[in-house]
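Q: This is what each chain is made of:
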Amino acid sequence: SQTIHQWPATLVQPVGSPLSLECTVEGTSNPNLYWYRQAAGRGLQLLFYSVGIGQISSEVPQNLSASRPQDRQFILSSKKLLLSDSGFYLCASQTTLNYGYTFGSGTRLTVV
Amino acid sequence: AQTVTQSQPEMSVQEAETVTLSCTYDTSENNYYLFWYKQPPSRQMILVIRQEAYKQQNATENRFSVNFQKAAKSFSLKISDSQLGDTAMYFCAFMKDSNYQLIWGAGTKLIIKP
Numbered sequence: 006s007q008t009i010h011q012w013p014a015t016l017v018q019p020v021g022s023p024l025s026l027e028c029t030v031e032g033t034s035n036p037n038l039y040w041y042r043q044a045a046g047r048g049l050q051l052l053f054y055s056v057g058i059g060q061i062s063s064e065v066p067q068n069l070s071a072s073r074p075q076d077r078q079f080i081l082s083s084k085k086l087l088l089s090d091s092g093f094y095l096c097a098s099q100t101t102l103n104y105g106y107t108f109g110s111g112t113r114l115t116v117v
Numbered sequence: 173a174q175t176v177t178q179s180q181p182e183m184s185v186q187e188a189e190t191v192t193l194s195c196t197y198d199t200s201e202n203n204y205y206l207f208w209y210k211q212p213p214s215r216q217m218i219l220v221i222r223q224e225a226y227k228q229q230n231a232t233e234n235r236f237s238v239n240f241q242k243a244a245k246s247f248s249l250k251i252s253d254s255q256l257g258d259t260a261m262y263f264c265a266f267m268k269d270s271n272y273q274l275i276w277g278a279g280t281k282l283i284i285k286p
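So the sequence lines, in the order shown, correspond to chains A and B.
Sequential numbering from 6 applies to the first sequence in this note's numbering.
Sequential numbering from 173 applies to the second sequence in this note's numbering.
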């Protein structure tokens, strides 16, 4: 079975600082990868998804970006964080075997 | 476009009771998949149960079962003998057969009281 490693678990960053969240996948190859954001007590908002190395699709215009330098590595970045970037960020992986998603444990980002 | 609706923002039941969470969806697709995910206070998203639209038999996983009504576009989750550890947000989600992206409901907060 696949495992998603996501770090850091918690992050407090000042406004205007850069961001890099990393997600790595074990136990599968060529997965579809997803970045979601979740506000407190709310549902999931899809930010980016990737079907392969270097292939990124953006769902929401924002100051965030994503990259997939390796098959099982997915990175969420920002050059300058905004207060509105605060939230809970989840990475998810999907293979074609069962069509479900496997999620990482998430990163709680607070921009101050 | 597909939409998923969870009409119950919050529910509360006593431990050991049975509870049903509702989910409806809107689609013109014939082949698709439906999911229930659980998000406990730790915020880890966990797949609870999955249903293929072409299967008439309702999916079951131990104490969790679904009532899938394709014509009515309804996909409810039943939790039997509820336990304190079932306290969580529950999300219903839809996926087209031709597209691997999940469409999410807004979630139902379930509280199991001792």
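Don't read these hints as lab results, they were simulated from the structure.
Where a beta carbon is used, it is the ideal one built from N, C-alpha and C, also for glycine.
Incorrect hints may appear among the rest.
Stated by the list, open to error - Which residues of chain A face chain B? A few of them, derived with a C-beta cut under 10 Å, are:
id : residue
1  : 12
2  : 13
3  : 16
4  : 43
5  : 54
6  : 71
7  : 91
8  : 93
9  : 107
Claimed, not checked - Residues on chain B that point at chain A, a partial pick, calculated with CB under 7 Å:
id : residue
10 : 212
11 : 213
12 : 215
13 : 216
14 : 217
15 : 220
16 : 222
17 : 226
18 : 236
Claimed, not checked - Straight-line Cα separation of at most 20 Å, SDA-like style, residue types lysine to any residue; simulated pairs:
id : chain 1 : residue 1 : chain 2 : residue 2
19 : B       : 281       : A       : 52
20 : B       : 281       : A       : 48
21 : B       : 242       : B       : 205
22 : B       : 245       : A       : 47
23 : B       : 268       : A       : 44
24 : B       : 242       : B       : 179
25 : B       : 227       : A       : 44
26 : B       : 268       : A       : 47
Q: None of the hints should be skipped; say for each whether it holds.
A: Verification of the supplied hints:
no.: 1; hint: 12; result: violated, 14 Å
no.: 2; hint: 13; result: violated, 14 Å
no.: 3; hint: 16; result: violated, 14 Å
no.: 4; hint: 43; result: holds, 8 Å
no.: 5; hint: 54; result: holds, 7 Å
no.: 6; hint: 71; result: violated, 15 Å
no.: 7; hint: 91; result: violated, 15 Å
no.: 8; hint: 93; result: holds, 6 Å
no.: 9; hint: 107; result: holds, 8 Å
no.: 10; hint: 212; result: violated, 12 Å
no.: 11; hint: 213; result: violated, 12 Å
no.: 12; hint: 215; result: holds, 5 Å
no.: 13; hint: 216; result: holds, 5 Å
no.: 14; hint: 217; result: holds, 4 Å
no.: 15; hint: 220; result: violated, 10 Å
no.: 16; hint: 222; result: holds, 6 Å
no.: 17; hint: 226; result: violated, 13 Å
no.: 18; hint: 236; result: violated, 14 Å
no.: 19; hint: 281(B) x 52(A); result: violated, 23 Å
no.: 20; hint: 281(B) x 48(A); result: holds, 11 Å
no.: 21; hint: 242(B) x 205(B); result: holds, 11 Å
no.: 22; hint: 245(B) x 47(A); result: violated, 23 Å
no.: 23; hint: 268(B) x 44(A); result: violated, 25 Å
no.: 24; hint: 242(B) x 179(B); result: holds, 18 Å
no.: 25; hint: 227(B) x 44(A); result: violated, 35 Å
no.: 26; hint: 268(B) x 47(A); result: violated, 23 Å
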